[in-house]
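**Q** The chain contents come next:
There are 2 protein chains.
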Amino acid sequence: MKDAKIRLYVEHALGAGQSVPLTREAAHYLFGVMRRSVGDGVLLFDGQNGEWLAEVTEAGKRGGMLQVASQTKPQQMPPDLWLVFAPIKKARTDFIVEKAAEMGAAKIMPVQTDHTNSERIRVDRLQAHAVEAAEQCGGTYVPEVAELTKLGALLDHWPEGRQLMFCDEAMAGQANALAAQTHAAAPWAILIGPEGGFSEAERKRLHALPFAHPVSLGPRILRADTAAVAAMALWQKALGDWG
Amino acid sequence: MKDAKIRLYVEHALGAGQSVPLTREAAHYLFGVMRRSVGDGVLLFDGQNGEWLAEVTEAGKRGGMLQVASQTKPQQMPPDLWLVFAPIKKARTDFIVEKAAEMGAAKIMPVQTDHTNSERIRVDRLQAHAVEAAEQCGGTYVPEVAELTKLGALLDHWPEGRQLMFCDEAMAGQANALAAQTHAAAPWAILIGPEGGFSEAERKRLHALPFAHPVSLGPRILRADTAAVAAMALWQKALGDWG
Numbered sequence: 001m002k003d004a005k006i007r008l009y010v011e012h013a014l015g016a017g018q019s020v021p022l023t024r025e026a027a028h029y030l031f032g033v034m035r036r037s038v039g040d041g042v043l044l045f046d047g048q049n050g051e052w053l054a055e056v057t058e059a060g061k062r063g064g065m066l067q068v069a070s071q072t073k074p075q076q077m078p079p080d081l082w083l084v085f086a087p088i089k090k091a092r093t094d095f096i097v098e099k100a101a102e103m104g105a106a107k108i109m110p111v112q113t114d115h116t117n118s119e120r121i122r123v124d125r126l127q128a129h130a131v132e133a134a135e136q137c138g139g140t141y142v143p144e145v146a147e148l149t150k151l152g153a154l155l156d157h158w159p160e161g162r163q164l165m166f167c168d169e170a171m172a173g174q175a176n177a178l179a180a181q182t183h184a185a186a187p188w189a190i191l192i193g194p195e196g197g198f199s200e201a202e203r204k205r206l207h208a209l210p211f212a213h214p215v216s217l218g219p220r221i222l223r224a225d226t227a228a229v230a231a232m233a234l235w236q237k238a239l240g241d242w243g
Numbered sequence: 001m002k003d004a005k006i007r008l009y010v011e012h013a014l015g016a017g018q019s020v021p022l023t024r025e026a027a028h029y030l031f032g033v034m035r036r037s038v039g040d041g042v043l044l045f046d047g048q049n050g051e052w053l054a055e056v057t058e059a060g061k062r063g064g065m066l067q068v069a070s071q072t073k074p075q076q077m078p079p080d081l082w083l084v085f086a087p088i089k090k091a092r093t094d095f096i097v098e099k100a101a102e103m104g105a106a107k108i109m110p111v112q113t114d115h116t117n118s119e120r121i122r123v124d125r126l127q128a129h130a131v132e133a134a135e136q137c138g139g140t141y142v143p144e145v146a147e148l149t150k151l152g153a154l155l156d157h158w159p160e161g162r163q164l165m166f167c168d169e170a171m172a173g174q175a176n177a178l179a180a181q182t183h184a185a186a187p188w189a190i191l192i193g194p195e196g197g198f199s200e201a202e203r204k205r206l207h208a209l210p211f212a213h214p215v216s217l218g219p220r221i222l223r224a225d226t227a228a229v230a231a232m233a234l235w236q237k238a239l240g241d242w243g
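Going down the list, the protein sequences come from chains A and B.
Taking the UniProt record's numbering, I'd label the letters of the first sequence as residues 1 to 243.
Taking the UniProt record's numbering, I'd label the letters of the second sequence as residues 1 to 243.
Certain hints may be false.
Stated by the list, open to error - Computed list of lysine-lysine pairs in DSS-like fashion (alpha-carbon distance at most 30 Å, straight line):
1. B:Lys89 to B:Lys150
2. A:Lys107 to A:Lys204
3. A:Lys73 to B:Lys73
4. B:Lys90 to B:Lys204
5. B:Lys89 to A:Lys5
6. A:Lys89 to B:Lys89
7. B:Lys107 to B:Lys90
8. B:Lys204 to A:Lys5
9. B:Lys5 to B:Lys73
10. B:Lys61 to B:Lys150
11. B:Lys73 to B:Lys150
12. A:Lys90 to B:Lys90
13. A:Lys204 to A:Lys150
14. B:Lys107 to A:Lys5
15. B:Lys107 to B:Lys204
16. A:Lys5 to A:Lys61
17. B:Lys204 to A:Lys204
18. A:Lys73 to A:Lys107
19. B:Lys204 to A:Lys89
20. A:Lys89 to B:Lys150
21. A:Lys89 to A:Lys61
22. A:Lys5 to B:Lys90
23. B:Lys204 to A:Lys90
24. A:Lys90 to A:Lys107
25. B:Lys61 to B:Lys89
26. A:Lys90 to B:Lys89
27. B:Lys89 to B:Lys107
28. B:Lys204 to B:Lys89
29. A:Lys204 to B:Lys5
30. B:Lys61 to B:Lys5
31. A:Lys150 to B:Lys5
32. A:Lys61 to A:Lys204
33. A:Lys150 to A:Lys73
34. A:Lys5 to A:Lys89
35. A:Lys5 to B:Lys150
36. B:Lys107 to B:Lys61
37. A:Lys107 to B:Lys5
38. A:Lys150 to A:Lys107
39. A:Lys5 to A:Lys150
These aren't lab readings, by the way, just hints derived from the structure by calculation.
Just chain A, with the same shape it has in the complex (with noise of 0.2 Å):
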């Protein structure tokens, strides 16, 4: 079997010697973009079951077959970390899912906030965004994108136990008050305020909340963009899988 480093998450579960059948798009992208053919090895992973190598068996332009000869990788699922965020300009929503699913979040909610625009996401689009990244890291689990909510929806009905960490630019340059030695076996959550801040009356609420964590990410004010990647690199040092 010839060179395998293409990676491909396939909606199909994975086990020694299944026959996997490639959807349109995988079958364009393997064999018209990327001229694999029969024989070559492709690693598939479908976030469950860890990554396999698989033989391609049959290359057509509108599908194809993979057989699936051995484990590569065993299954490494993410810690319960969600990120939760208020959706801005699409270069930069889509950019912050990428990073996401590349910094090892479980799951990604878009959220409104009193000062976010955006009305409308396109879940599947960012879904998409969320598979390439798991295909380039070398992950094996592809977070879900969570249709958009109300921020104050999803405080309602905050699960029993979860932790929020909230990254509130107002409180730039104050000390990170992340509680890494008290909380870390709990599920959290990481909530990135929107671009123009959150309200008053947004703050005020967060910070009376008894399961959020208010932290500083430094003098500066970080872009939605840049937030989301340094509180999860934080987190992920002092209560996740970097550790």
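With chain A's structure known, arrange chain B on it following the hints.
**A** Chain B alone, transformed into the frame defined by chain A:
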């Protein structure tokens, strides 16, 4: 004086009572794009003397004049941190420069590595990105973007005492070795490898350098732009001005 939310970097030493001429570009932005006029307030910084409130006294199509009133922020220098990276695709290179300015790097140094394809960079264009990011993030400092140099040559003339944190994707999943305690007062640099990773020769040399500290950024392989933000976040929190 009306609304002073616009922040402009000017190449003109600022002080109370001074008159500051505007370049053609700045005049176009301020009066053409942002619709400001005589009597409006603007925040200025020069990278050395903090932030000042100034009033528009002349507004023209090709230029204009501002009168400096009072200081609104003292100068705040970033820690002595270089961000050294291998330029990649244009959009991601622009992004790394923007992020370095926001995250508080003192100097941005593009380098050629064995696996870097980029032969040239436009320093003036990258410098303009750093200026824009400084204007956005509320900082009073603009990091200098250096000319492209070879990584080997940079290491040959490495300044005595400067520590180097380098992010080796071959170490993904291994323990983080950032020697926070021992070099807290030293100048530092962060080196981000190219998309294809360092060559074997480069990796060998880097690991053998007495001032180099290899650091892992978790079990997934990060893109260079993600790695730059994540590494700067960890460094700022451990050794920089996020403490």
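**Q** Does lysine 204 of chain B sit within 30 Å of lysine 90 of chain B, going by the straight-line distance between their CA atoms?
**A** Judged against 30 Å, a Cα distance of about 29 Å means the pair holds.
**Q** For the pair supplied as a hint, lysine 107 of chain B and lysine 5 of chain A, confirm whether the alpha-carbon distance does not exceed 30 Å.
**A** 36 Å, violated
**Q** With the threshold set at 30 Å, check whether the alpha-carbon distance from lysine 61 of chain B to lysine 5 of chain B stays at or below it.
**A** 21 Å, holds
**Q** Mind checking the alpha carbons of lysine 90 of chain A and lysine 89 of chain B for me, to see if they're no more than 30 Å apart?
**A** 19 Å, holds
**Q** Below or equal to 30 Å on CA atoms is what counts here, so check lysine 5 of chain B against lysine 73 of chain B.
**A** 14 Å, holds
**Q** Does lysine 107 of chain B pair with lysine 204 of chain B here, judged by a C-alpha cut-off of 30 Å?
**A** 26 Å, holds
**Q** Please verify whether lysine 5 of chain A and lysine 150 of chain A have alpha carbons no more than 30 Å apart.
**A** 41 Å, violated
**Q** Can the restraint linking lysine 89 of chain A and lysine 61 of chain A be considered satisfied, given a maximum Cα separation of 30 Å?
**A** 35 Å, violated
**Q** Given the hinted pair lysine 150 of chain A and lysine 73 of chain A, is their Cα-Cα distance within 30 Å?
**A** With a Cα-Cα distance of about 38 Å, the restraint between lysine 150 of chain A and lysine 73 of chain A is violated, given a limit of 30 Å.
**Q** Keeping to a limit of 30 Å between CA atoms, is the pair of lysine 5 of chain A and lysine 61 of chain A held or broken?
**A** 21 Å, holds
**Q** Has the given pair, lysine 107 of chain A with lysine 204 of chain A, been kept, meaning a C-alpha gap of at most 30 Å?
**A** 26 Å, holds
**Q** Take a quick look at whether lysine 90 of chain A and lysine 90 of chain B sit within 30 Å of each other, Cα to Cα.
**A** 18 Å, holds
Hint compliance for this structure: hints 3, 10, 11, 14, 17, 19, 20, 21, 23, 25, 32, 33, 34, 36, 37, 39 are not met, and every other hint is.
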